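With the hints as extra help, turn the sequences into a complete structure.
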Amino acid sequence: MSFEANEYFDGNVKSIAFQSETLPATVGVMEVGEYTFGTSAYEYMTVVSGSLTVRLVDTTEWKTYKAGETFEVEANSSFDVKVVVQTAYLCLYKS
1 MSFEANEYFD
11 GNVKSIAFQS
21 ETLPATVGVM
31 EVGEYTFGTS
41 AYEYMTVVSG
51 SLTVRLVDTT
61 EWKTYKAGET
71 FEVEANSSFD
81 VKVVVQTAYL
91 CLYKS
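The numbering of the sequence shown is our numbering, which starts it at 1 and goes up by one.
Worth double-checking, as some hints may not be accurate.
[Claimed, not checked] Taking lysine-lysine pairs in the PhoX-like style, the calculated list, with each CA pair at most 25 Å apart, reads: (1) 94 with 66; (2) 66 with 14; (3) 14 with 82; (4) 66 with 82; (5) 14 with 94; (6) 14 with 63; (7) 82 with 63; (8) 82 with 94; (9) 63 with 94.
Just so you know, the hints here were simulated from the structure itself, not pulled from any lab data. In this text the structure is predicted, and so the values were computed from the model without any measurement.
This is the structure:
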(Lines of atoms letter the chains of each structure in order from A; the text may use other names.)
(Lines give C-alpha, C1' and ligand atoms only; values in the text may rest on other atoms or scores of the structure.)
Protein backbone atom coordinates (compact mmCIF):
# COMPACT_ATOMS: atom_id res chain seq x y z
CA MET A 1 0.00 0.00 0.00
CA SER A 2 1.24 3.46 -0.79
CA PHE A 3 0.64 6.51 1.37
CA GLU A 4 -1.88 9.15 0.35
CA ALA A 5 -1.10 12.75 1.28
CA ASN A 6 -3.93 15.29 1.69
CA GLU A 7 -4.09 19.05 2.25
CA TYR A 8 -7.05 21.03 3.55
CA PHE A 9 -7.83 24.65 4.40
CA ASP A 10 -5.24 26.19 2.04
CA GLY A 11 -2.51 23.85 3.30
CA ASN A 12 -3.06 24.63 6.99
CA VAL A 13 -4.04 21.02 7.69
CA LYS A 14 -2.01 18.18 6.18
CA SER A 15 -2.38 14.44 6.61
CA ILE A 16 -0.98 11.15 5.40
CA ALA A 17 -3.34 8.17 5.11
CA PHE A 18 -2.18 4.65 5.96
CA GLN A 19 -3.47 1.29 7.16
CA SER A 20 -2.74 0.83 10.89
CA GLU A 21 -2.61 -2.61 12.48
CA THR A 22 -6.33 -2.47 13.15
CA LEU A 23 -8.09 0.31 11.19
CA PRO A 24 -7.55 2.78 8.34
CA ALA A 25 -5.83 5.89 9.74
CA THR A 26 -4.34 9.29 9.08
CA VAL A 27 -1.56 11.09 10.86
CA GLY A 28 -1.36 14.82 10.37
CA VAL A 29 -0.65 18.33 11.53
CA MET A 30 -2.77 21.45 11.99
CA GLU A 31 -1.62 25.05 11.88
CA VAL A 32 -3.03 27.59 14.33
CA GLY A 33 -6.60 28.45 13.30
CA GLU A 34 -10.24 27.35 13.41
CA TYR A 35 -11.61 24.56 11.23
CA THR A 36 -14.77 22.54 10.65
CA PHE A 37 -14.38 18.91 9.60
CA GLY A 38 -17.02 16.57 8.21
CA THR A 39 -16.93 12.83 8.85
CA SER A 40 -18.05 9.89 6.74
CA ALA A 41 -16.82 7.18 9.13
CA TYR A 42 -16.75 6.93 12.92
CA GLU A 43 -13.49 8.59 14.06
CA TYR A 44 -11.14 8.18 17.01
CA MET A 45 -8.98 11.32 17.08
CA THR A 46 -5.91 11.32 19.34
CA VAL A 47 -3.77 14.40 19.95
CA VAL A 48 -0.10 13.47 19.54
CA SER A 49 1.45 16.87 20.28
CA GLY A 50 -0.13 20.22 21.12
CA SER A 51 -3.85 20.54 21.85
CA LEU A 52 -7.22 20.76 20.13
CA THR A 53 -10.27 22.55 21.48
CA VAL A 54 -13.27 20.72 20.02
CA ARG A 55 -17.00 21.29 19.73
CA LEU A 56 -18.98 18.28 18.54
CA VAL A 57 -22.12 18.71 16.45
CA ASP A 58 -25.35 19.29 18.42
CA THR A 59 -23.49 20.79 21.39
CA THR A 60 -22.42 24.27 22.42
CA GLU A 61 -19.68 23.02 24.76
CA TRP A 62 -16.01 23.32 23.78
CA LYS A 63 -13.56 20.81 25.30
CA THR A 64 -9.75 20.88 25.10
CA TYR A 65 -7.83 17.68 24.41
CA LYS A 66 -4.08 17.57 25.08
CA ALA A 67 -1.33 15.21 23.94
CA GLY A 68 -2.31 11.60 24.61
CA GLU A 69 -6.05 12.32 24.87
CA THR A 70 -8.68 10.98 22.45
CA PHE A 71 -12.14 12.08 21.42
CA GLU A 72 -14.69 10.29 19.25
CA VAL A 73 -16.87 11.63 16.44
CA GLU A 74 -19.93 9.91 14.98
CA ALA A 75 -20.04 8.98 11.29
CA ASN A 76 -21.81 11.39 8.93
CA SER A 77 -21.32 14.25 11.36
CA SER A 78 -19.04 17.25 11.81
CA PHE A 79 -16.96 18.94 14.47
CA ASP A 80 -15.33 22.33 15.01
CA VAL A 81 -11.71 22.67 16.10
CA LYS A 82 -9.73 25.59 17.54
CA VAL A 83 -5.95 25.19 17.32
CA VAL A 84 -3.80 27.60 19.38
CA VAL A 85 -0.43 25.90 18.81
CA GLN A 86 0.72 23.73 15.89
CA THR A 87 -0.75 20.31 16.68
CA ALA A 88 -0.16 16.75 15.49
CA TYR A 89 -2.88 14.09 15.54
CA LEU A 90 -3.66 10.46 14.77
CA CYS A 91 -7.12 9.59 13.50
CA LEU A 92 -8.49 6.04 13.23
CA TYR A 93 -11.56 5.36 11.06
CA LYS A 94 -14.10 2.67 12.00
CA SER A 95 -16.45 1.60 9.21
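Assess, step by step, whether the Cα of residue 63 is no farther than 25 Å from the Cα of residue 94, and give holds or violated. Holds, at about 23 Å.
Quick one, are residue 66 and residue 14 close enough, alpha carbons at most 25 Å? The given pair, whose Cα atoms are some 19 Å apart, holds under the 25 Å limit.
Given the hinted pair residue 66 and residue 82, is their alpha-carbon gap at most 25 Å? 12 Å, holds
Distance restraint between residue 14 and residue 82, which requires alpha-carbon spacing of 25 Å or less: The given pair, whose Cα atoms are some 16 Å apart, holds under the 25 Å limit.
Taking 25 Å as the top limit, are the C-alpha atoms of residue 82 and residue 63 close enough? 10 Å, holds
Between residue 94 and residue 66, does the CA-CA distance stay at or below 25 Å? 22 Å, holds
Are residue 14 and residue 94 close enough, with their CA atoms no more than 25 Å apart? Holds, at about 21 Å.
Taken at face value, is the distance from the CA of residue 63 to the CA of residue 14 at most 25 Å? 22 Å, holds
Quick one, are residue 82 and residue 94 close enough, alpha carbons at most 25 Å? 24 Å, holds
Violated hints are absent here; each numbered hint is respected by the structure.
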